[in-house]
Amino acid sequence: MFSSRDVQAAAGLSSRQQNDWDARGVLPHGRSGEEGWRRFSLRELFVLATCAEMRRRFGVRVERLKWVQDFMLQDGINHLEEVEYAMLRPGDFVWLLSDLEKTFIMSTDPEFESFLGLLSVDAHDGSAFVLLNLTPLVDRVLGRLEDHNVREEHAFETRESYSRPTRSPGRPKEAGVLRMIFDGEAE
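Residue numbering for the sequence shown follows our numbering, beginning at 1 and increasing consecutively.
Keep in mind that the hints were calculated from the coordinates and are not lab data. On a predicted model such as this, the values are computed, not experimentally measured, just so you know. The beta carbon of each residue, even a glycine, is placed where N, CA and C say it ideally should be. It cannot be assumed that every hint is accurate.
To be verified - Simulated DEER-style distance windows between Cβ atoms: (1) ASP109 x ARG16: 31 to 39 Å; (2) PRO110 x SER14: 36 to 44 Å; (3) ALA23 x LEU88: 37 to 45 Å.
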């Protein structure tokens, strides 16, 4: 579990902002201990980083971020793991496209290029979309793991050290193939 300080480092949300988001019902967390300190899961940390980035870059109202949060924290779906897995392909970035109401599309560069060619938007319906690169957010969130010495449990390296993964992605056969590819042994 991660603390409020981790949220500040990974998502850039100050304690004051966290209190504001909490008062508006847009801060997922559990409380622990007698003091009732906020504790966040890794998934929640990623969701908060994503929402904070949308707010910073696009000026999205805090209340509108609730839909994104609810969507990303659905039971049985782990968007952080999906982004990590997609980041295994060197050179690809993972993007999020959303209208913050009913559309949520997360995909890599090549898939998005194909998708955007098929996208039809009615300029008269008033919809606006945000397009956000999730890759740097994942790097920042996973950086918090290093500070907690739990990075070994997690699967993937950050984009900065992407030349060769040093840890298994949790699937031994895939890890072996990836090592061969990054070592130049696979043809």
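Results of checking the hints against the structure:
1. ASP109 x ARG16: 31 to 39 Å: holds (36 Å)
2. PRO110 x SER14: 36 to 44 Å: Holds, since PRO110 and SER14 (Cβ atoms, about 37 Å apart) stay within the stated range.
3. ALA23 x LEU88: 37 to 45 Å: Cβ of ALA23 to Cβ of LEU88: about 39 Å, so the range 37 to 45 Å holds.
In this structure, none of the earlier numbered hints is contradicted; all agree with it.
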